[in-house]
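In order, the protein sequence lines correspond to chains A and B.
By the count of the numbering used here, the first sequence reaches residue 272 at its end, each step adding exactly one.
By the count of the numbering used here, the second sequence reaches residue 334 at its end, each step adding exactly one.
Hints were generated in silico from the structure; no laboratory data involved.
Some clues are possibly wrong.
[Said to hold, decoys possible] Taking lysine to any residue and the SDA-like style, the derived pairs with C-alpha atoms no more than 25 Å apart in a straight line are:
hint: 1; chain 1: A; residue 1: Lys-222; chain 2: A; residue 2: Tyr-114
hint: 2; chain 1: A; residue 1: Lys-109; chain 2: A; residue 2: Ser-143
hint: 3; chain 1: B; residue 1: Lys-205; chain 2: B; residue 2: Arg-236
hint: 4; chain 1: A; residue 1: Lys-218; chain 2: A; residue 2: Gly-269
hint: 5; chain 1: A; residue 1: Lys-222; chain 2: B; residue 2: Lys-205
hint: 6; chain 1: B; residue 1: Lys-83; chain 2: A; residue 2: Phe-243
hint: 7; chain 1: A; residue 1: Lys-237; chain 2: B; residue 2: Arg-236
hint: 8; chain 1: B; residue 1: Lys-49; chain 2: A; residue 2: Ile-253
hint: 9; chain 1: A; residue 1: Lys-267; chain 2: B; residue 2: Lys-52
hint: 10; chain 1: A; residue 1: Lys-109; chain 2: A; residue 2: Met-165
Listed here are the chains, written in short residue letters.
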Amino acid sequence: MDDEKIIGLLLKRDEEGIVQMQKKYNKYCGAVARRIVDNYEDAEECVNDTWFRAWNSIPPHQPENLAGYLAKIARNLAMSCYKKQHRKKRGGDNVTMALDELSDCVSDGKRVEERMEQRELTNAIAVFLRGKDELKRNIFIQRYFYLVEVKEIAAHFQMKENTVKSILYRLRKELGKYLQKEGIYI
Amino acid sequence: MSQKREKEEKIFEAIGDLPEDMVADAANYWLSEKKPWYIEKWLLAGKGFACAVCAALVIFWVVPWAYKNYGGGNQMKTEQLLSEKKESGSVSNEESEFDCAADENIIGEIYLWSEAGNTLENADTEKNVDRKKASGEKSKQEKDSTRKDKKIKEGKTVRLNVKSVPDGNLSGGNISVLPFRVGKKDDGITYTIRPEILKCSVFSVTGSVQDRKGDAKAVDCMGGDRIELNTLEQCEPGWERNPVPEWDGKKIIIVDIVHFTGEKEGEKYDFGRIVIGKKGGNYYGVYQKRNG
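Using the sequences provided together with the hints, build the complete structure.
Take a look at the structure:
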């Protein structure tokens with residue numbers, strides 16, 4: 087089933103939309119999550135939460151690109167899971183764990199200014215990447231959005247690992263300069 | 043958490059919020075349906091097999107075919123062609139090989155021969171063969187070594203052997219000659235070889251009476267003598283009637299016609315003629331006996 091039909095079903099609150107969405111994007115979202123969290127079960131949980139979040143957010147939201155939308159949800163959920171896992175590893179005491187559990191009750195803690203800053207930063211990165219050719223853009227996104235290993239990217243694009251590394255290095259440097267030029271100081 | 047770490051996380055989170063289309067474009071290869079691995083393997087194996095079949099066809103069929111049809115002529119090839127014909131039954135064993143011990147009564151036959159160094163050796167060996175006929179395997183081997191000469195079958199086009207020999211008149215130069223052998227030793231016939239238009243003069247005669255060298259219009263020789271025809275320059279095609287109709291369309295240029303006659307105890311024989319032609323670097327000949 088194509089994305090428009092799935093989105094149509096979700097907008098009509100038809101549960102068939104979730105079934106079709108799972109059928110089509112289960113592997114994809116699983117791959118996104120598994121690259122961030124090591125644990126297979128946690129990754130599965132992230133994927134299940136992805137369907138739940140998508141179900142809750144559509145409507146009112148109507149994504150233009152369902153695959154990208156789901157990937158972003160899965161990535162953010164996996165990142166939250168990753169942070170939790172690492173906090174446990176670092177602290178692991180009762181107080182830390184209790185605080186972590188309570189973090190579910192509060193918002194993500196970002197102030198409006200911080201949210202604005204992040205949006206501005208995202209827009210700047212997006213504009214920077216759109217100015218690059220497709221190959222470089224895709225390499226950057228695969229590495230820093232999907233967290234694909236350099237070796238795997240090189241194999242996919244039939245390039246040498248060192249070439250990919252040097253492309254990423256140059257992009258990072260150029261991005262740093264671009265952000266400074268745009269007046270974004272992190 | 044260090045400040046640096048916080049900054050890194052900020053960028054990381056910002057990348058996580060990149061536009062959906064951009065994110066999806068970068069992952070198109072994940073989303074596209076991949077063929078199962080075994081189909082890819084089979085496709086790969088199929089391509090490999092096809093390549094192997096093509097290579098085998100080229101090596102075992104195209105190359106031998108091209109060599110056979112367009113390659114240069116040599117004794118080995120002539121022998122191979124004859125042996126193939128022999129296997130297919132078009133040439134009988136008796137006719138294709140010269141066996142002096144078996145063909146006592148054959149006269150006037152014309153043979154192709156090669157290997158200049160074998161000339162005298164062959165003559166000696168023939169004697170040995172007669173002497174040691176009954177002495178088993180050894181004599182059989184020696185008799186095999188005499189089988190260098192191939193009889194020219196009437197009406198069949200054969201590729202002629204070409205020998206490069208030093209030209210006595212030109213210091214250090216070589217000329218190409220066509221070696222033949224006429225009749226059989228001690229058949230009692232005096233043969234006369236006469237090139238018709240002198241494009242193929244008789245360059246040398248080696249045999250029982252006296253060795254002679256130098257181009258000659260016509261020479262007499264005895265049975266079993268080896269003669270070498272000087273190829274000289276090829277003739278412009280100016281024959282009113284093509285003496286070899288079967289060469290029509292084969293682009294074989296006629297070089298000369300060499301007549302073979304003989305005499306024994308006052309009786310005269312006409313053994314026919316060999317029409318000699320040339321195509322590329324190869325010489326061809328066809329033996330034509332006189333009708334009647």
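Status of the hints after comparison with the structure:
| no. | hint | verdict |
| --- | --- | --- |
| 1 | Lys-222(A) with Tyr-114(A) | holds (22 Å) |
| 2 | Lys-109(A) with Ser-143(A) | holds (19 Å) |
| 3 | Lys-205(B) with Arg-236(B) | holds (20 Å) |
| 4 | Lys-218(A) with Gly-269(A) | holds (20 Å) |
| 5 | Lys-222(A) with Lys-205(B) | violated (71 Å) |
| 6 | Lys-83(B) with Phe-243(A) | holds (20 Å) |
| 7 | Lys-237(A) with Arg-236(B) | violated (85 Å) |
| 8 | Lys-49(B) with Ile-253(A) | holds (22 Å) |
| 9 | Lys-267(A) with Lys-52(B) | holds (18 Å) |
| 10 | Lys-109(A) with Met-165(A) | holds (23 Å) |
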